[in-house]
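Take a look at the letters that make up each chain.
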Amino acid sequence: MSEATAPELNLPATPMPRLPSWLRARPELALTPLVFVVVLGLWQAVVSLGLVSQYVLPAPSNIGLALFEGLTSGLFVQHGLVTLGEAASGFAIAVTAGLVIATLVAEIRLLERAVYPYLVMLQTMPKIALAPLLVVWFGFGSSSKVAVAAIISFFPMLVTTLAGMRATDKGRLDVLRALGAGPIRCFALAKLPDALPHIFSGLSIAVVFCMTGAIVGEFVGASAGLGYLIVQANARMNIPQVFAILLALGAIGVAGYALVQGLRRRLLFWEPKQEMSRP
Amino acid sequence: MMATPLIAVRELSKVYPTAKGERVQALSRINLEIGQGEFVSLVGPSGCGKTTVLRILAGLIADYTGDVSVSGKALHGPSREVGVVFQDANLMPWRTALANVMLPAEVLGLNRRLARARAQELLGMVGLEGFERKLPGELSGGMRQRVAIARALIHDPAVLLLDEPFGALDAMTRDTMNVELAAIAARSKKTVFLITHSIAEAVFLSDRVLVMSSRPGRIVEVIPVALPRPRGLDIIADPAFAATVLRIRRLLDGDTASALPSIAH
Numbered sequence: 028m029s030e031a032t033a034p035e036l037n038l039p040a041t042p043m044p045r046l047p048s049w050l051r052a053r054p055e056l057a058l059t060p061l062v063f064v065v066v067l068g069l070w071q072a073v074v075s076l077g078l079v080s081q082y083v084l085p086a087p088s089n090i091g092l093a094l095f096e097g098l099t100s101g102l103f104v105q106h107g108l109v110t111l112g113e114a115a116s117g118f119a120i121a122v123t124a125g126l127v128i129a130t131l132v133a134e135i136r137l138l139e140r141a142v143y144p145y146l147v148m149l150q151t152m153p154k155i156a157l158a159p160l161l162v163v164w165f166g167f168g169s170s171s172k173v174a175v176a177a178i179i180s181f182f183p184m185l186v187t188t189l190a191g192m193r194a195t196d197k198g199r200l201d202v203l204r205a206l207g208a209g210p211i212r213c214f215a216l217a218k219l220p221d222a223l224p225h226i227f228s229g230l231s232i233a234v235v236f237c238m239t240g241a242i243v244g245e246f247v248g249a250s251a252g253l254g255y256l257i258v259q260a261n262a263r264m265n266i267p268q269v270f271a272i273l274l275a276l277g278a279i280g281v282a283g284y285a286l287v288q289g290l291r292r293r294l295l296f297w298e299p300k301q302e303m304s305r306p
Numbered sequence: 079m080m081a082t083p084l085i086a087v088r089e090l091s092k093v094y095p096t097a098k099g100e101r102v103q104a105l106s107r108i109n110l111e112i113g114q115g116e117f118v119s120l121v122g123p124s125g126c127g128k129t130t131v132l133r134i135l136a137g138l139i140a141d142y143t144g145d146v147s148v149s150g151k152a153l154h155g156p157s158r159e160v161g162v163v164f165q166d167a168n169l170m171p172w173r174t175a176l177a178n179v180m181l182p183a184e185v186l187g188l189n190r191r192l193a194r195a196r197a198q199e200l201l202g203m204v205g206l207e208g209f210e211r212k213l214p215g216e217l218s219g220g221m222r223q224r225v226a227i228a229r230a231l232i233h234d235p236a237v238l239l240l241d242e243p244f245g246a247l248d249a250m251t252r253d254t255m256n257v258e259l260a261a262i263a264a265r266s267k268k269t270v271f272l273i274t275h276s277i278a279e280a281v282f283l284s285d286r287v288l289v290m291s292s293r294p295g296r297i298v299e300v301i302p303v304a305l306p307r308p309r310g311l312d313i314i315a316d317p318a319f320a321a322t323v324l325r326i327r328r329l330l331d332g333d334t335a336s337a338l339p340s341i342a343h
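If you're matching them up, the sequences are chains A and B in order. If you number the first sequence the way the working numbering does, the last residue is 306 and the count never jumps. If you number the second sequence the way the working numbering does, the last residue is 343 and the count never jumps.
In short, the hints are calculated from the structure, not lab data. A hint or two may mislead.
Covered by chain B, according to a simulated footprint, are these stretches of chain A (three or more residues, beta-carbon under 8 Å) [unchecked claim]:
hint: 1; stretch: 193–205
hint: 2; stretch: 211–217
Label-pair restraints from in silico Cβ distances [stated by the list, open to error]:
hint: 3; chain 1: B; residue 1: G144; chain 2: A; residue 2: A190; range: 38 to 46 Å
hint: 4; chain 1: A; residue 1: S170; chain 2: B; residue 2: R101; range: 57 to 65 Å
hint: 5; chain 1: B; residue 1: T96; chain 2: A; residue 2: P210; range: 24 to 32 Å
hint: 6; chain 1: A; residue 1: D196; chain 2: B; residue 2: A152; range: 24 to 32 Å
Computed, partial: chain B to chain A, Cβ under 10 Å [unchecked claim]:
hint: 7; residue: A136
hint: 8; residue: L138
hint: 9; residue: P171
hint: 10; residue: G215
A quick note: this is a predicted structure, and the numbers were derived from the prediction, not measured. C-beta: ideal position from N, C-alpha, C; glycine also.
Sequences and hints are given; from them, build the entire structure.
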């Protein structure tokens, strides 16, 4: 700091380049793209120099080409829509079931005592391991993928909503109870809005998990979808296409996450600003 | 001393079961009467059960013994005749100041348009005109408590119950709020029952101060405050004010001394 404010007259030999103010305030705006360019450059160099086989690690240029081809031929869009549909259906089922079951468990003490141990047990189980079983139960069509997506997204929704319902501010409930408000009023006017920050944490996990579920379901057995396409490309050693699909999946994931965050900002307008960026 | 007390509590006792299955006598045979338009405070050491008394009057605690009536009617759960202000403002952070004040009207199913006009008026009375659209997060602690007071008055209850409403505020804000509370009580002609552990606050605001002792919580003395109204902050220089504060202080000190061995057991 002290050097920056020193009179420049005394330092004519080494004039420091003055950075624009936005860059000094937020250096990550330049650093993040810089890291991207450097890593990509090194990657391209390593592959072009023949240090790594093209089959193991395709050059970024080839991946870019595969992505372009996949998008323009309509292949990625066609299969992407299949995966997106499965993931979205699974997400919708998970969110609805998670909200309803968490609310019932939180509101009904007896139900909590009856089912909570099982919920904890199920939660500790890797749900992905159910994928082959679900394909047997629901068939090779899209319903088995919806089921996998729903099951792995359901638990984060359930657990976060339950935590939210339990985090209700007791003082606000006292205000409502002193007015003679019943359980439904208490839920709608205090518990639900108070649980929203937790519910949104669940939504941002579920929106990512539902894509994972759909892809894993397609890995196990499918005839369409980006997961199916990955397995196909892998078998044909079309590694650039595998990477290109991964990029497409990443873009879908980011879009889903951004959608949830946008909704959060809209619905949780009362939240302090710094808490918004919390995933 | 009065024909039909607005609040009448007779032989009120309350026992809390502890986790170990023991029984703790929180309140023992409390008797009190508060007349229409009277401002009565309840002072006592922490944990003496003063908040329990208020929560019973607010209808938030049901398993007590004794008789409690408000406006001549036996109390069974929360009553519309009662408005409560808690230690924390307990505002809904997602509602504007105006919507927070209107909350009781919504719960009680009152006419929305009338409630809105009255909420606006009440916010003006507590000095928050122009803050109707602000969220609680944009208001100071004192302002939030003013909103809570306006909210407690929206359904025009006969009684205002205040549970250490300014306990979380700094000393300066607290003084200001006390002066305003006295004005609000006088203007709205409400009967006010205030729980506090500040003796000066109780004397400054009240017509009578009930002094409670702990373990078990009981009322040991009723001190009338013979100071003229309206009272300004300079009343603390009045010898009668100082004498009343000192009298209550002595009662509480005596209690703390005698209560210590039983706390230590």
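So, going through the hints one by one against the coordinates:
Counting residues of the stretch 193–205 of chain A whose beta carbon lies closer than 8 Å to any beta carbon of chain B gives 8, which reaches the threshold of three, so the coverage claim holds. Under a criterion of three residues with beta carbons nearer than 8 Å to beta carbons of chain B, the stated coverage of the stretch 211–217 of chain A is upheld, 3 such residues being counted. The given range of 38 to 46 Å is respected by B/G144 and A/A190, whose C-beta atoms sit roughly 40 Å from each other. A/S170 and B/R101 have their C-beta atoms about 59 Å apart, which keeps the hinted 57 to 65 Å range intact.
For B/T96 and A/P210, the hinted distance range of 24 to 32 Å is satisfied, since their beta carbons lie about 28 Å from each other. For the pair A/D196 and B/A152, the supplied restraint of 24 to 32 Å holds, since their beta-carbon distance comes to about 31 Å. Annotation: B/A136 was flagged as interfacial toward chain A, and the flag holds, the nearest CB pair being 5 Å apart, inside 10 Å. At about 6 Å, the closest approach between the beta carbon of B/L138 and any beta carbon in chain A falls short of 10 Å, and the interface hint on this residue holds.
Proximity of B/P171 to chain A holds as hinted, the smallest CB-CB distance being about 5 Å (cut-off 10 Å). Because the smallest distance between the Cβ of B/G215 and any Cβ of chain A comes to about 6 Å, under 10 Å, the interface hint for this residue holds.
Of the numbered hints stated above, none is contradicted by the structure.
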